[in-house]
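Student: Single-letter residue listing:
Protein chains: 2
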Amino acid sequence: MALVVQKFGGTSVGTIERIQHVARWALDSQARGNDIVLVVSAMSGETNRLVELAKQIHPMPDSHEYDLLIASGEQVAVGLVTLAINTEAEKRGSLKKGQLAAKGLLGYQVGIFTDNIFSKARIQGIDTTRLKSLISNQIIPVIAGFQGVDSESNITTLGRGGSDTSAVAIAAALKADDCEIYTDVDGVYTTDPRLCREARKMSRISYEEMMELASLGAKVLQIRSVELAAKYRLPLHVRSSFNPVEGTRVVSQELLGGQMEQVVVAGVAADGAQVKLTLQNITDGPGVVAQIFGALSRASIVVDVIVQDIPSNGMLTISFTVGRSDHLKARQVLDELKAKTFSSLRIAEESDLAKVSVVGVGMQHHPGVASKMFQLLADADINIKLITTSEIKISCLIAAEKTKQAVECLHRGFDLNRAD
Amino acid sequence: MALVVQKFGGTSVGTIERIQHVARWALDSQARGNDIVLVVSAMSGETNRLVELAKQIHPMPDSHEYDLLIASGEQVAVGLVTLAINTEAEKRGSLKKGQLAAKGLLGYQVGIFTDNIFSKARIQGIDTTRLKSLISNQIIPVIAGFQGVDSESNITTLGRGGSDTSAVAIAAALKADDCEIYTDVDGVYTTDPRLCREARKMSRISYEEMMELASLGAKVLQIRSVELAAKYRLPLHVRSSFNPVEGTRVVSQELLGGQMEQVVVAGVAADGAQVKLTLQNITDGPGVVAQIFGALSRASIVVDVIVQDIPSNGMLTISFTVGRSDHLKARQVLDELKAKTFSSLRIAEESDLAKVSVVGVGMQHHPGVASKMFQLLADADINIKLITTSEIKISCLIAAEKTKQAVECLHRGFDLNRAD
Numbered sequence: 005m006a007l008v009v010q011k012f013g014g015t016s017v018g019t020i021e022r023i024q025h026v027a028r029w030a031l032d033s034q035a036r037g038n039d040i041v042l043v044v045s046a047m048s049g050e051t052n053r054l055v056e057l058a059k060q061i062h063p064m065p066d067s068h069e070y071d072l073l074i075a076s077g078e079q080v081a082v083g084l085v086t087l088a089i090n091t092e093a094e095k096r097g098s099l100k101k102g103q104l105a106a107k108g109l110l111g112y113q114v115g116i117f118t119d120n121i122f123s124k125a126r127i128q129g130i131d132t133t134r135l136k137s138l139i140s141n142q143i144i145p146v147i148a149g150f151q152g153v154d155s156e157s158n159i160t161t162l163g164r165g166g167s168d169t170s171a172v173a174i175a176a177a178l179k180a181d182d183c184e185i186y187t188d189v190d191g192v193y194t195t196d197p198r199l200c201r202e203a204r205k206m207s208r209i210s211y212e213e214m215m216e217l218a219s220l221g222a223k224v225l226q227i228r229s230v231e232l233a234a235k236y237r238l239p240l241h242v243r244s245s246f247n248p249v250e251g252t253r254v255v256s257q258e259l260l261g262g263q264m265e266q267v268v269v270a271g272v273a274a275d276g277a278q279v280k281l282t283l284q285n286i287t288d289g290p291g292v293v294a295q296i297f298g299a300l301s302r303a304s305i306v307v308d309v310i311v312q313d314i315p316s317n318g319m320l321t322i323s324f325t326v327g328r329s330d331h332l333k334a335r336q337v338l339d340e341l342k343a344k345t346f347s348s349l350r351i352a353e354e355s356d357l358a359k360v361s362v363v364g365v366g367m368q369h370h371p372g373v374a375s376k377m378f379q380l381l382a383d384a385d386i387n388i389k390l391i392t393t394s395e396i397k398i399s400c401l402i403a404a405e406k407t408k409q410a411v412e413c414l415h416r417g418f419d420l421n422r423a424d
Numbered sequence: 005m006a007l008v009v010q011k012f013g014g015t016s017v018g019t020i021e022r023i024q025h026v027a028r029w030a031l032d033s034q035a036r037g038n039d040i041v042l043v044v045s046a047m048s049g050e051t052n053r054l055v056e057l058a059k060q061i062h063p064m065p066d067s068h069e070y071d072l073l074i075a076s077g078e079q080v081a082v083g084l085v086t087l088a089i090n091t092e093a094e095k096r097g098s099l100k101k102g103q104l105a106a107k108g109l110l111g112y113q114v115g116i117f118t119d120n121i122f123s124k125a126r127i128q129g130i131d132t133t134r135l136k137s138l139i140s141n142q143i144i145p146v147i148a149g150f151q152g153v154d155s156e157s158n159i160t161t162l163g164r165g166g167s168d169t170s171a172v173a174i175a176a177a178l179k180a181d182d183c184e185i186y187t188d189v190d191g192v193y194t195t196d197p198r199l200c201r202e203a204r205k206m207s208r209i210s211y212e213e214m215m216e217l218a219s220l221g222a223k224v225l226q227i228r229s230v231e232l233a234a235k236y237r238l239p240l241h242v243r244s245s246f247n248p249v250e251g252t253r254v255v256s257q258e259l260l261g262g263q264m265e266q267v268v269v270a271g272v273a274a275d276g277a278q279v280k281l282t283l284q285n286i287t288d289g290p291g292v293v294a295q296i297f298g299a300l301s302r303a304s305i306v307v308d309v310i311v312q313d314i315p316s317n318g319m320l321t322i323s324f325t326v327g328r329s330d331h332l333k334a335r336q337v338l339d340e341l342k343a344k345t346f347s348s349l350r351i352a353e354e355s356d357l358a359k360v361s362v363v364g365v366g367m368q369h370h371p372g373v374a375s376k377m378f379q380l381l382a383d384a385d386i387n388i389k390l391i392t393t394s395e396i397k398i399s400c401l402i403a404a405e406k407t408k409q410a411v412e413c414l415h416r417g418f419d420l421n422r423a424d
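Protein sequences, first through last, are from chains A and B. With the numbering used here, the residue at position 148 of the first sequence is 152, and numbering never jumps. With the numbering used here, the residue at position 167 of the second sequence is 171, and numbering never jumps.
Any given hint might turn out to be false.
Because identical chains cannot be distinguished in the list, a pair is counted as satisfied if it fits within a single copy or across any two copies.
[To be verified] EDC-like cross-link-like pairs, simulated, lysine to aspartate or glutamate; straight-line CA separation at most 20 Å: (1) 205 x 419; (2) 389 x 353; (3) 101 x 340; (4) 235 x 308; (5) 179 x 395; (6) 59 x 412.
Everything labelled a hint here was simulated from the structure, so no lab data went into it.
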């Protein structure tokens, strides 16, 4: 008897038919002798619809009422999925009169406690009392992903893709045996199949590679969910809700075994929604850089690649990238800094950029991956605007229009089209 | 300085523009020196959309998950209205940095406690602590109507039109000076203007008349809200959110003054969605009728007109009406009763019926209103299928297709087209 947390994303609950499929799937999983806990996202398109409504009122809503608004999407999905499970169980005749097959729970009803950074809240703790009581009564808890509650009982949300993190956190809190992430693709690919037809599904990937892929725009999993899974050594299984085949298992590096020696680069990732901001004419001095990035951090803006030139004439130039969704807010923070502190500051922006990256734990032991990557891009006549590297990834900022071409040449150049 | 509860219905928050209008209106009301509390319904069409989704899964959803689902509509409206007020206040520059103009609150966040009759929950108490604290800080609470929370922290809903009841209950708990109900009509009319072009807006109406009109299908206010207002002698002001003119004030009979002596019939109401159920061949005996209506009541079915024939040969015939929305559920209850207890029972149904009624506190002191009503309908060649009377109303069940004709002849026959 295993305890399995199953998370269903937006497309998996995108229509009433899909919701009924999820209900049958969960009950089938339970009938095979497992304890099941569901975590669901909003129906696909719903969160965007709500965000659009809010943006008609305010271009940058990021407050308590915004979270309260968009959390309603998951609430609808929870209501419908629970209704579908109870209806299906009734149809199967597997329930005694008055008994429930499933019970819907919102973040505050479970007790998913977060900080109060609205729209990007982090989970601080999960109360498992109610969940354990339901599980022991063979009732499937259907939990709203993406949302929690702060210490003042405000609804908070965890940021885009936050339902993955909800699922992993709940699985970790319950010490679940498995955490299945159901999505609209059947696993994690060596690169985005829409960009490269030779993309290939991986059967296994390490937490570390998955983290890099997630952070680099392969939006199969929210990166925080992978970090959390790695921390608790919780096995993830990314799979399709449309297709019962095995997906990709995200596991510890140790479990990848001999594979590690052979594969240098595991995957190629691309993220198209990048904006580069260049700050020029800053008078250098102690704490100047910290002051700038401190201000951005306080505004909860995630800064990605940072490149700092060697100061000349005591003047500093810094370039960095932010996601397109943080662009306006970052610009506002910088304008305020200029007004208050750095009056000589010049701010240049370049949008329509993409970041392509190669990722693989194998590259730690294989020199020359970076130079090979630069050569492959040069051969394809693609200009590199910024470079950043870590132990298991190398990223290059390029023009967004070259994304597909770059991914294809890297995927083939690193032999990712061959079977693993 | 008055404390005013303003309730905005679905059409009043039906678009972003309307929501922005509500925000300006609330802030203007506050700027005139009032303390303001808002109660909002779901954007028009939203609750229907959610109900339709649920019905694709189950024809008669009426459980905990259904309430959780449909309560999300008000949550969206609360988020957007709060966002609009804070945005508008920022634009007006009337706030200090970091200060809020409005704060959105769901049922459980306020502490609107109800029983656990899902979809038809009744309010048991309201915690005013948080509301009073916000008000004293000049922050407008924006409260989700229609919803509450039961003792197990399940979300409950109050039934269609429940936001009116939320508003009145909150106003009563806060001892508000006024409760303004903003809707898409500019007041209460002598009859439905869509059915009768001579319908005339009333400047005042008594609680008792309003209750009868509400219960009879004039859907301006949920009847429970009027009952509650009457109980606490809370003045209601039904008015348009599209038009700043005075609407209709719902007040105590005493306040109507001399008017009472002159007006016999205050209004004509019509309710088109009626189904008549006739139970034949029941063996009469002590407690039989109680057993039947007890079963319907336990299923939370509201039974309206009841007519019982004089038993002949020890066999009983009972007719009664239910709203169309309760039809299926009522039928199920009756089928179960037949299967278990009353095997000889025959059930006949007649749908496509309407109930037309005349209402007026004046008729208590004027005999002959009933006979005049029957004569007016007879003159218009309209067949009466059931009659029921109270001290201040007389209702007749007729064929739904004759509704408009009946309303017109009664409205004119009782001189309602003349000014009050």
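Student: With reference to the structure, classify each hint as holding or not holding.
Tutor: Here is how each hint holds up against the structure:
no.	hint	in the structure
1	205 x 419	within (14 Å within a copy, 79 Å between copies)
2	389 x 353	within (13 Å within a copy, 77 Å between copies)
3	101 x 340	between (63 Å within a copy, 15 Å between copies)
4	235 x 308	neither (22 Å within a copy, 61 Å between copies)
5	179 x 395	neither (31 Å within a copy, 66 Å between copies)
6	59 x 412	neither (36 Å within a copy, 47 Å between copies)
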